[in-house]
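Asks: If you're matching positions, the sequence shown starts at 1 in my numbering and goes up one per residue.
Worth double-checking, as some hints may not be accurate.
With a cut-off of at most 20 Å between alpha-carbon atoms, the simulated SDA-like pairs for lysine to any residue come out as follows [said to hold, decoys possible]: (1) Lys52 - Arg89; (2) Lys86 - Glu76; (3) Lys120 - His18; (4) Lys120 - Glu140; (5) Lys120 - Tyr93; (6) Lys120 - Ala92; (7) Lys35 - Ser128; (8) Lys210 - His18; (9) Lys210 - Gln96; (10) Lys35 - Ser111; (11) Lys120 - Ser196.
If you're looking for bench data, these hints aren't it; they were derived computationally from the structure.
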Amino acid sequence: MNRELYDDNKTYSPVGTHQEVAFIVETLGIAPQAKILDLYCGYGRHAIELAKSGYLVTGVDGTQAFIDIARQKAIEAGVSICFEQKDMRELAYDNQFDAVINMFAAFGYFSDEENALVLKQIANALHSGGFLLMDLLNRELMARSNLNRYWRHPSGEYVLSYKAELQHGTAKMKREVINQNSGKKLRYEFDLRSYSLYEIETLLENSGLKIRSTFGNFDRTLYNHESPRLIVLAQKL
Numbered sequence: 001m002n003r004e005l006y007d008d009n010k011t012y013s014p015v016g017t018h019q020e021v022a023f024i025v026e027t028l029g030i031a032p033q034a035k036i037l038d039l040y041c042g043y044g045r046h047a048i049e050l051a052k053s054g055y056l057v058t059g060v061d062g063t064q065a066f067i068d069i070a071r072q073k074a075i076e077a078g079v080s081i082c083f084e085q086k087d088m089r090e091l092a093y094d095n096q097f098d099a100v101i102n103m104f105a106a107f108g109y110f111s112d113e114e115n116a117l118v119l120k121q122i123a124n125a126l127h128s129g130g131f132l133l134m135d136l137l138n139r140e141l142m143a144r145s146n147l148n149r150y151w152r153h154p155s156g157e158y159v160l161s162y163k164a165e166l167q168h169g170t171a172k173m174k175r176e177v178i179n180q181n182s183g184k185k186l187r188y189e190f191d192l193r194s195y196s197l198y199e200i201e202t203l204l205e206n207s208g209l210k211i212r213s214t215f216g217n218f219d220r221t222l223y224n225h226e227s228p229r230l231i232v233l234a235q236k237l
């Protein structure tokens, strides 16, 4: 990971982050002071905004460089957040959180068996009646057309490209960030298991979690096969 490039870039606009956090708060329906786990939090943009709104947030990511950046950004924002580097298969939390959020397709990194284990770890982390909010790739849309996106950050400083090709249920992901000023590039590729709504519903139910709502985007439109994403709200039974 090129930390210098990643640390400096703001590849997601503040306006977009505020809109996403507003969606999270409205969808979860829990009051400030509730305990939220941001699972695979990246550099903490959602965690920090939730903490600003009065939530007690723990941020977990598998990459230490992201955790280091998130801690510094939390200090700069004047909020207190516990950031920890952990493998999501080994969370070891027990009935500690009112909600878990898992944003921007940060699920599906492993085998089906290990992905199921992740959901069991999440269920263990939740209080009874607690909520899981997952933001997933829409496999039905990807099956019809590969995702190829290219956009410029509002600041004009960064250009981003994002490609995803579905092969036998696995999304082949390629991302690139280019700093227009320095010419530096960050490229990374990875595989992500992409689940249908039926498949993710089955995995969740096997972990003691029941789907309560599905959305197709952060504007609260209902999910369908043409939606840009699959957002699932599930509750621990």
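Asks: Each hint needs a verdict: does it hold in this structure or not?
Replies: Going down the list of hints, with the structure as the test:
1. Lys52 - Arg89: violated, 28 Å
2. Lys86 - Glu76: violated, 23 Å
3. Lys120 - His18: This hinted pair is violated, its Cα atoms lying about 30 Å apart.
4. Lys120 - Glu140: violated, 25 Å
5. Lys120 - Tyr93: holds, 11 Å
6. Lys120 - Ala92: holds, 10 Å
7. Lys35 - Ser128: holds, 13 Å
8. Lys210 - His18: violated, 27 Å
9. Lys210 - Gln96: holds, 19 Å
10. Lys35 - Ser111: Since the Cα atoms of lysine 35 and serine 111 sit roughly 29 Å apart, the hinted pair is violated (cutoff 20 Å).
11. Lys120 - Ser196: Holds, at about 19 Å.
Hints 1, 2, 3, 4, 8, 10 from the list above are not met by this structure, while the remaining hints are.
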